[in-house]
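Protein chains in written order, with this note's numbering: chain D, 7 to 420; chain L, 7 to 420.
Hints are computed from structural coordinates only; laboratory data are not their basis. It should be emphasised that the depicted structure is a prediction, and the values quoted were computed from it without experimental measurement. Just so you know, not all the hints are guaranteed correct.
[To be verified] The calculated lysine-lysine pairs, modelled on PhoX-like cross-linking and capped at a C-alpha distance of 20 angstroms, are: (1) D:K105 to L:K107; (2) D:K61 to L:K61; (3) L:K16 to D:K134; (4) L:K154 to D:K62; (5) D:K107 to L:K70; (6) D:K105 to L:K61; (7) D:K154 to L:K105; (8) L:K107 to D:K103; (9) L:K62 to D:K107; (10) L:K105 to D:K103; (11) L:K70 to L:K180; (12) L:K154 to D:K61; (13) D:K103 to L:K103.
[Unchecked claim] In silico contact screen, one side only, chain L against chain D (beta carbon under 8 angstroms); selected entries: (14) P51; (15) K70; (16) L71; (17) S79; (18) L81; (19) D289; (20) N290; (21) V293; (22) Q295; (23) D363; (24) S367.
[Stated by the list, open to error] Away from chain L, derived, C-beta distances all over 12 angstroms, residues of chain D: (25) N183; (26) E228; (27) D229; (28) G278.
Think of the CB as a built atom: it goes at the ideal place given N, C-alpha and C, for glycine as much as any other residue.
There are 2 protein chains.
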Amino acid sequence: MQRMTQLFTKTRKTAPADEVAMNAQLLIRAGYVHKEMAGVYSYLPLGYRVLQNIKKIVNVEMEKLGSSEIIMSTLQHKENWTVTDRWSDANVDVWFKSKLKNDTEVGFGWSHEEPITNLMKSHIESYKDLPVYVHQFQNKLRNETRAKSGIMRCREFVMKDMYSYSLNEDEHMKFYNATTEAYMNVYRALGLGQITYVTSASGGVFTDKFSHEFQTVCDAGEDIIYVHKTAGYAINEEVYNPETLAKMNATETDFDKKKAAEVGNIFTFGTGKCEQMGLVFKDNAGVSQPVFLGSYGIGITRLMGVLVEVFADERGLVWPTNVAPYTLHVVGLSDDPKVGETIAAIESAGISTLYDDRDVSAGAKFADADLLGMPYRITLGKKFVENGEIELKIRATGEEKLVTLEQLIAAVRA
Amino acid sequence: MQRMTQLFTKTRKTAPADEVAMNAQLLIRAGYVHKEMAGVYSYLPLGYRVLQNIKKIVNVEMEKLGSSEIIMSTLQHKENWTVTDRWSDANVDVWFKSKLKNDTEVGFGWSHEEPITNLMKSHIESYKDLPVYVHQFQNKLRNETRAKSGIMRCREFVMKDMYSYSLNEDEHMKFYNATTEAYMNVYRALGLGQITYVTSASGGVFTDKFSHEFQTVCDAGEDIIYVHKTAGYAINEEVYNPETLAKMNATETDFDKKKAAEVGNIFTFGTGKCEQMGLVFKDNAGVSQPVFLGSYGIGITRLMGVLVEVFADERGLVWPTNVAPYTLHVVGLSDDPKVGETIAAIESAGISTLYDDRDVSAGAKFADADLLGMPYRITLGKKFVENGEIELKIRATGEEKLVTLEQLIAAVRA
Chain D
7 MQRMTQLFTK TRKTAPADEV AMNAQLLIRA GYVHKEMAGV YSYLPLGYRV LQNIKKIVNV
67 EMEKLGSSEI IMSTLQHKEN WTVTDRWSDA NVDVWFKSKL KNDTEVGFGW SHEEPITNLM
127 KSHIESYKDL PVYVHQFQNK LRNETRAKSG IMRCREFVMK DMYSYSLNED EHMKFYNATT
187 EAYMNVYRAL GLGQITYVTS ASGGVFTDKF SHEFQTVCDA GEDIIYVHKT AGYAINEEVY
247 NPETLAKMNA TETDFDKKKA AEVGNIFTFG TGKCEQMGLV FKDNAGVSQP VFLGSYGIGI
307 TRLMGVLVEV FADERGLVWP TNVAPYTLHV VGLSDDPKVG ETIAAIESAG ISTLYDDRDV
367 SAGAKFADAD LLGMPYRITL GKKFVENGEI ELKIRATGEE KLVTLEQLIA AVRA
Chain L
7 MQRMTQLFTK TRKTAPADEV AMNAQLLIRA GYVHKEMAGV YSYLPLGYRV LQNIKKIVNV
67 EMEKLGSSEI IMSTLQHKEN WTVTDRWSDA NVDVWFKSKL KNDTEVGFGW SHEEPITNLM
127 KSHIESYKDL PVYVHQFQNK LRNETRAKSG IMRCREFVMK DMYSYSLNED EHMKFYNATT
187 EAYMNVYRAL GLGQITYVTS ASGGVFTDKF SHEFQTVCDA GEDIIYVHKT AGYAINEEVY
247 NPETLAKMNA TETDFDKKKA AEVGNIFTFG TGKCEQMGLV FKDNAGVSQP VFLGSYGIGI
307 TRLMGVLVEV FADERGLVWP TNVAPYTLHV VGLSDDPKVG ETIAAIESAG ISTLYDDRDV
367 SAGAKFADAD LLGMPYRITL GKKFVENGEI ELKIRATGEE KLVTLEQLIA AVRA
């Protein structure tokens, strides 16, 4: 149980004037994050717990795919990137760079295909060593010109990036397709399944021989997608043209134009990068072949921002139960020992609780419970002490009812 | 169970020629880490598991102290550091710096007193809000001139840094002393308790009104301490002088000179930094007072390096059970289904296993088991299939014995 008197963060009525994004406004007001500068946020106890919960959900799916977790360095060796021509600012415009004391240039990791491919040269020799799947939850640094979407587009952000090294395109495509499904499992687990679409992407700095984006319909998104009214798919603005419509046997009237946020992307690099970097394997005839590379990203902090944008309402944050910092928000309005005993019983049923034990008005507690957004709220006051009735409120729907302790536990676990 | 055929890392007979530190040589040979450049390492699956295990042990102690986990940004706002005069390279010589697109200078976090103190200005107003304790496991970047100690002194490393904000020196000292004990609990849990000393430190870039180091006797250490032969304390080289000896009522002959590695440090900042940064609280008379600051660090990656240096032998790594990537290394020398069934039984007893199912010689498997350093090794071969006898070897002592499955589980759990 976390007592609010022991939580150092305070809620506030207004967000900083320079913060234009709704997600960051609410997260700052609720004390989940602190803005260090435009596009750079620190994550305070409640925000950190949300991030950890999202990571866990993503990690389960990556492990099911057979991927191993590693952690690469932020500091980047120039030579890894010159060989693929991604060091120059002309080719990659988001580098942060600095220098060692001896004047050697170093970069700060904005993505990790090159260093991971380089390290694989120490570990992949033969077709027997393939495939290899690795992923990490890594702090990326990108020198973005524009950073106005709160935690959805940052100069520093947490990304789950995964890399696949395969024998050939066939083996790659099996994993690529399995990853597509695994990503959708993540979005479904987060309650975003119905509004998230796999779309064909166009390039950017990544090779796009074969690549897809995962787009979640969201007013705060920076992208535009066209969602088919009935057929359950969507088309990215970049490729929404007569040729694509003809291929899909559809017309413009079949689609709704929507704002969307990219919550994941998957790329087929092919053999090009491994050829450039010299990552080869001996096939079963003893002939050297370049390894086939794929890369797969989910912006963890961005996903947290999208959850805020999609689920929050005018009263504050609304978290899905599996990412909420705590499942139950207890508004304590009595000093009776029954309050503590009841919370202990709830916790021993495996339900995590945030207990508002502060010396402030009931109204202030209710307002903060709405702002903080735990999925369930109960009030333990005079009525509870007298007759054991617990007032339960569901944050997302506003539904309120009187329940017993047993009913509460059953309802929250359902 | 982790099959070695599914682990992408390979062991190697020799370390890279440019790697002079024993810890990094072994960790690279065993596939735990990859060297990106001098003082910069990536952590591969086995190494990542060790880091996570060390973090867990440290985190338990920090939570017992009442500290909340957060994560600050790497990117640093110049203004947070100019106000305390720690921005200039003349005053702090380990900064990495870069620029935003609009030419604004940014730094990369080498420590976090300033940004955390700044964020506390949004959350601390009254004496009722104190004390506040926060910690993080954060990637620090330091532009070290010299980086020759493997993962023990890096340009990029993981640090557990904790910060305490107290009403006054009394409240601070209670926490400072509790932290000293918590740190010793960490070293004891890692098997370093007997060779780790709390010593009085001298400055560096930190204010040293009252500060201590935790020094572990270790030939690879960069520091010198003088260990009292019988009294269980040690003195740092910087303050090993006639005055100190007189104060301790000791003479030079009482001490052994030892190399040591600093595995932790704790600092009393006092009120100075909060005065500079404007972090004040209203006391119970309504008068503004500066907050009293302490900071507390444990280098997580350095600690991993020290564990290697202290416990490894000529055959390879030796891990304490609670940080080992897996508890048990199974050398599989038979395809009999009994092997898989036995591993399943071991795992269901809660013992994590690394299973060498590779198609290589028994000798190569034994050598790699020694190199990789899991605390317990068993061999499941012909003898096991025939009569159920399991050969158990303790990595640290070399002790070997024949055991039953029940005896094995009991021995490993002990």
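Hint check:
no. : hint             : result
1   : D:K105 to L:K107 : holds (17 angstroms)
2   : D:K61 to L:K61   : holds (17 angstroms)
3   : L:K16 to D:K134  : holds (12 angstroms)
4   : L:K154 to D:K62  : violated (36 angstroms)
5   : D:K107 to L:K70  : violated (40 angstroms)
6   : D:K105 to L:K61  : violated (30 angstroms)
7   : D:K154 to L:K105 : holds (18 angstroms)
8   : L:K107 to D:K103 : holds (12 angstroms)
9   : L:K62 to D:K107  : violated (34 angstroms)
10  : L:K105 to D:K103 : holds (8 angstroms)
11  : L:K70 to L:K180  : holds (14 angstroms)
12  : L:K154 to D:K61  : violated (34 angstroms)
13  : D:K103 to L:K103 : holds (8 angstroms)
14  : P51              : holds (4 angstroms)
15  : K70              : violated (14 angstroms)
16  : L71              : violated (12 angstroms)
17  : S79              : holds (5 angstroms)
18  : L81              : holds (5 angstroms)
19  : D289             : violated (18 angstroms)
20  : N290             : violated (14 angstroms)
21  : V293             : violated (21 angstroms)
22  : Q295             : violated (17 angstroms)
23  : D363             : violated (13 angstroms)
24  : S367             : violated (16 angstroms)
25  : N183             : holds (21 angstroms)
26  : E228             : holds (18 angstroms)
27  : D229             : holds (22 angstroms)
28  : G278             : holds (21 angstroms)
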